[in-house]
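Protein sequence lines correspond, in order, to chains A and B.
Counted the way the numbering used here counts, the first sequence spans residues 1 to 344.
Counted the way the numbering used here counts, the second sequence spans residues 1 to 341.
Simulated from the structure, these hints should not be mistaken for laboratory data.
Keep in mind that a hint or two might mislead.
Facing chain A, a subset of chain B residues (Cβ under 7 Å, in silico) [as the list claims (entries may be wrong)]:
{"id": "1", "residue": "Val268"}
{"id": "2", "residue": "Arg270"}
{"id": "3", "residue": "His311"}
This one's a predicted model, so the numbers in the text were calculated from it and none came from an experiment.
C-beta: ideal position from N, C-alpha, C; glycine also.
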Amino acid sequence: MSAHDASSLLSVEDLHVHFHTEQGTVQAVNGVSFTVGRGQTLGVLGESGCGKSVTGFSLLRLIRPPGRIERGRIVYHGLDTELDLVQEPSGSALLRQVRGGEIAMIFQEPMTSLDPVYTAGNQVLEAINYHLDVSQAAAWDMAVTMLGKVGLPEPQRIMHTYPHQLSGGMRQRVMIAIALACHPQLLIADEPTTALDVTTEAQILELLQELQADLQMAILFITHDLGVIAEMAQEVIVMYLGEIVERTDIESLFAEPLHPYTRALLESIPRLGTRDGRRLQAIEGIVPSPADIPRGCTFHPRCPDFMPGLCDVHAPTPQTLTDGRQVQCFLYDDQRPGVRNLQS
Amino acid sequence: MSTSSATPLLTVEDLRMHHPVGAGMMQRRTGVVKAVDGISFTIPIGRTLGLVGESGCGKTTTGHCILRGHTPTAGRILFHDPDRGPLDICQADRRTLAYIRQKVQMVFQDPYSSLNPRMTVQEIVGEPLRVNQGLSGPALRARVEELLTVVGLHVSAMNRFPHAFSGGQRQRLVIARALSLRPALIVADEPVSALDVSIQAQTLNLLQDLQERYGLSYLFIAHDLSVVEHISDEVAVMYVGRIVEMGPTYQVFDTPRHPYTSALLSAVPRPSPSRTHQRIILQGEVPNPANPPSGCAFHPRCRYAEDRCRHEIPVLQAAGDGHKVACHFADSLSLPGIGQV
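Model the full structure from these sequences, guided by the hints.
Structure (structure tokens):
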């Protein structure tokens, strides 16, 4: 899969983000590469500490010290020329145009990501005025239209309300209105429904799908929830401790997961309607601290298919299978001894 | 799975918890929030009752009432003690309450804020034993060691502080502390929702092992329906302070009788991309319990609502096989369960 075909909007190549703390270097993102296609939804699946949020933030160059993008490229293809966001100076006009104008982000906590002292209208207007050269009246109309588009009742009235007057679901709708006010081509959605109730979650997911079809935007959907990802994404990358362990289309993720971690994750969740056994297949152990990553394959201490002498010594490299899926595991590496063919 | 034959451990009858709401500088009383408004249920010995609902429905308040964190406005909570017979938690005096609180323990959602960061594991797990049973020295130490082993932690953890543990390990510590006084009932309020997916399964398995081993009963409060289905024998669905549906888990999930339950089940994102989704998207949001809608609180969001629903509050009525539902049209509606949505 070439990173530069015409359909790709953003390609990330060998991204490394490290945090230099007093306790040592935390390798939060460790050689991540992926491509987001235009109008597509790429899901990023992982548990806390796997680097999925840091990946999202680094696409907007929002990594603060002691964090740093150590190396890699983040190439944005949405403008006339290719733009490597990593190379842009941090205050450049181009970067500011991309941030919010071309690539926007929504967060998990709608409570803390809105400013409590400004009205909802004010915060939507801020985004419009910053990026677009329009009159105040036109900006106001755009903001009202946007609030209506995200399904808020009486958008004229919402313009004048403060965040504390809105419920969690309505705040997330305001956040989406701010993010989409300038019609970005890519939306980074970092666990946007995790803090919401299940009926509100269903509303927000449906809204995002409608808006995506309407505005033809791509979404990078970051979540830990297998149910949500099944609903939203066409392609998925599974992350574990700063690395992509598997990249697959959504059907194969559930039908035939490849990496032992992905398989274990799928077996460990209780599913509605299955009452076959009383026990869940739990994954052994705990996610290691990112400051203390195991040698070799980072999943080997918890892996049911652990091969001594191989997994704890050598680090696996990503293997591309014939159907285009990618997995980083020795089980699929035919150059190595001890390979098992799981496909049969 | 008949519940009528099982011996009840906790019986809640018409429990009400109304909080006064004040306004202005003098906090003049302007109304009440009916956080819990007349709920009844029974938890048999060794069984799990799952209490589900969205935020603000009163499920956490119910749990707090059982431990008398709040003193309920009305109703009875009977704890059927094997030695002392039924004790009403709502009316209990200090000494009785101290006794009941040994028998009923709580596990909280957030293992980061429910452990004192300045106490060692031995102090945390040992404190209830020291205070209530006067244990000290080697006896205390031996019991703490035993408890740590039971929840799957290494004995070497004794002298460490909570910060040295991950979320899942901390939740094990919270469970060890809850077990220390050999309780009969554990009120578990969202015990796995703060944990990572891979850790959730470990914790759920542990809770089930402990139930088998000690014959514990659980009131399992959660919003995650798949977790509740997995762990509960019976389920009660709450909406704005009332139970709208209750019954054996498989019945409530397979053949829900209340439109809210059905919509809730269909809203859960399912981990299978290929299935055709007949999702019922509820309009609007959970009403404010300070100002609930008239009649059936669910009527503004219910697609089957008729005029009667706006005026008359439906009562929870038996619908066969231990299944209860509070809907005027429960008999005429045919609602999709988890098989169909």
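Tell me, in ascending order, the numbers of any earlier hints that this structure violates.
-> 3
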